[in-house]
Amino acid sequence: MELQLSMVDGSVCMKDSAKSEISSERTLYPYVTGTSIIGMKYKDGVILASDTAGSYGSTLRYKSVERIKQVGDHTLIGASGEISDFQEIMRYLDELILYDKMWDDGNSLGPKEVHNYLNRIMYNRRNKFNPLWNSLVLGGVKKGQKYLGTVNMIGTHYEDDHLATGFGNHLARPILRSEWREDLTFEEAVKLIEKCLLVLLYRDRSSINKFQIAKITDEGTTIFPPYALKTFWGFSHFQNPSKGAAGTW
Amino acid sequence: MSSIGTGYDLSVTTFSPDGRVFQIEYAAKAVDNSGTVIGIKCKDGIVLGVEKLISSKMMLAGSNRRIHSVHRHSGLAVAGLAADGRQIVARAKSEATNYEKTYGEPIPVKELADRVASYVHLCTLYWWLRPFGCGVILGGYDRDGPQLYMVEPSGISYRYFGAAMGKGRQAAKTEIEKLKLSEMTCREGVIEVAKIIYGVHDEAKDKAFELELSWVCDESNRQHQKVPDDLLNEARTAAKAALEEMDAD
Chain A
1 MELQLSMVDG SVCMKDSAKS EISSERTLYP YVTGTSIIGM KYKDGVILAS
51 DTAGSYGSTL RYKSVERIKQ VGDHTLIGAS GEISDFQEIM RYLDELILYD
101 KMWDDGNSLG PKEVHNYLNR IMYNRRNKFN PLWNSLVLGG VKKGQKYLGT
151 VNMIGTHYED DHLATGFGNH LARPILRSEW REDLTFEEAV KLIEKCLLVL
201 LYRDRSSINK FQIAKITDEG TTIFPPYALK TFWGFSHFQN PSKGAAGTW
Chain R
1 MSSIGTGYDL SVTTFSPDGR VFQIEYAAKA VDNSGTVIGI KCKDGIVLGV
51 EKLISSKMML AGSNRRIHSV HRHSGLAVAG LAADGRQIVA RAKSEATNYE
101 KTYGEPIPVK ELADRVASYV HLCTLYWWLR PFGCGVILGG YDRDGPQLYM
151 VEPSGISYRY FGAAMGKGRQ AAKTEIEKLK LSEMTCREGV IEVAKIIYGV
201 HDEAKDKAFE LELSWVCDES NRQHQKVPDD LLNEARTAAK AALEEMDAD
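The listed protein sequences correspond, in order, to chains A and R.
Just so we're aligned, residue 1 is where the first sequence starts under full-length UniProt numbering, counting upward by one.
Just so we're aligned, residue 1 is where the second sequence starts under full-length UniProt numbering, counting upward by one.
By construction, these hints were calculated from the structure, which means they are not laboratory data.
Just to be clear, a hint being listed does not mean it is correct.
Ranges of calculated distance between the beta carbons of each label pair, as one might list FRET restraints [what the hints assert, rightly or not]:
(1) A:222 <-> R:248: 23 to 29 Å
(2) R:94 <-> A:62: 31 to 37 Å
(3) R:144 <-> A:29: 23 to 29 Å
(4) A:145 <-> R:202: 46 to 52 Å
(5) A:187 <-> R:145: 42 to 48 Å
(6) A:179 <-> R:144: 50 to 56 Å
(7) R:174 <-> A:224: 31 to 37 Å
(8) A:205 <-> R:144: 47 to 53 Å
(9) R:104 <-> A:224: 51 to 57 Å
(10) A:220 <-> R:185: 22 to 28 Å
(11) A:128 <-> R:59: 44 to 50 Å
Cβ atoms here follow ideal geometry from the backbone N, Cα and C, with glycine treated the same way.
This is chain A alone, in the form it adopts within the complex (with noise of 0.2 Å):
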């Protein structure tokens, strides 16, 4: 029996092959996955960020996976985690969705609805040993109530002002707790991330150039396409990297 790191949300688990005929239809690993999700509050609603790489293990096998989505009108939700079972979940979200719609009654569910619902689905699926291998975070502002929550793959869930997942909850929370503010703008709020996708970037493996904001304020969503930032490699050491090293290594 292996042990291994999962670099998705940082939990060891066992790789046991020996389990197959009755396992068949449980999750018992990730395949394609998202890296860390970043969330925050700012002045006007929230903000949500992440890049857009689905990593097959160590391959960053595909460079263009939306994983910030909108819930109906009020709520946007990121995932990191196994990809399918996020496109199960937004399968389950449209469904709710709809329904809601269908009634038609001037009223419409709000971020804080979504993300019970949600925990109610992830911890039940935990529940049964047959998890949607999922981190996500909802944002979303409802009749000027800014809200930003998260819940995970074992039905973990709280809310606060800035939010991240996977990597990001140890290279990004940190530059949010002592730099975030009730009231930035937008341009600082977008600064902000970008210093923490910036990190991530750097540090995260998995995580590639390419990223995605996305804002949700009373008015409405806007999912931003996707943009690169500037990165700097020019640091001396990273100059003839096997100038004093002994031997041929």
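Given the structure of chain A, go ahead and fit chain R onto it with the hints provided.
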């Protein structure tokens, strides 16, 4: 035109000597006694209107919806026994969501009309089921443009430019035929439908009624929804004014 079907009208599985199934005709009578329901196909969409007869002053305005969304792109207006109508709407919703789950695209309106008609017809084939005492007008907007179908209690379904059921259907049909539907937008169509409904409403026999209007058109982003409040009020005012003009003559 009443005919006595003595002996041949006790079961929906009995034909009369002249080839009629009386139970189905009696079911159609339930539809004929209900408030008028109208549907028209304008050049950019469909408008559905219902003359919702109010049986009690205690009823809250906007309750007892007679027009239901069946999917994002289509709606059903019900004439006849409301409880039977709810069953048909539930079935139509289920057919629409199943189709999308299987084929990945919204159900074509023609297909939906076919399925609703089959379901209604099903209930005319067995002695242990009674026919639905309601007819529906189905309006939707898919890849082939806006389409309007009417399904009667017998299970017959046709595609129409303009359709009417209920008490004032003869008068309504005459009025609809006068309209130049191919040149009308839905915005204008809403006003016309309101005028027709107010026109065919029998003040003597039925006291109060509530006008329920819905549309699915380019302006509503091809989504089926209640006509927005400002347009609804505009339609009501125009209809009342037109009525006064007619009375003044």
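Hint check:
no.	hint	result
1	A:222 <-> R:248: 23 to 29 Å	violated, 53 Å
2	R:94 <-> A:62: 31 to 37 Å	holds, 35 Å
3	R:144 <-> A:29: 23 to 29 Å	violated, 45 Å
4	A:145 <-> R:202: 46 to 52 Å	holds, 48 Å
5	A:187 <-> R:145: 42 to 48 Å	holds, 44 Å
6	A:179 <-> R:144: 50 to 56 Å	holds, 54 Å
7	R:174 <-> A:224: 31 to 37 Å	violated, 54 Å
8	A:205 <-> R:144: 47 to 53 Å	holds, 49 Å
9	R:104 <-> A:224: 51 to 57 Å	violated, 27 Å
10	A:220 <-> R:185: 22 to 28 Å	holds, 25 Å
11	A:128 <-> R:59: 44 to 50 Å	holds, 46 Å
The structure fails to meet hints 1, 3, 7 and 9 from the earlier list, while all remaining hints are met.
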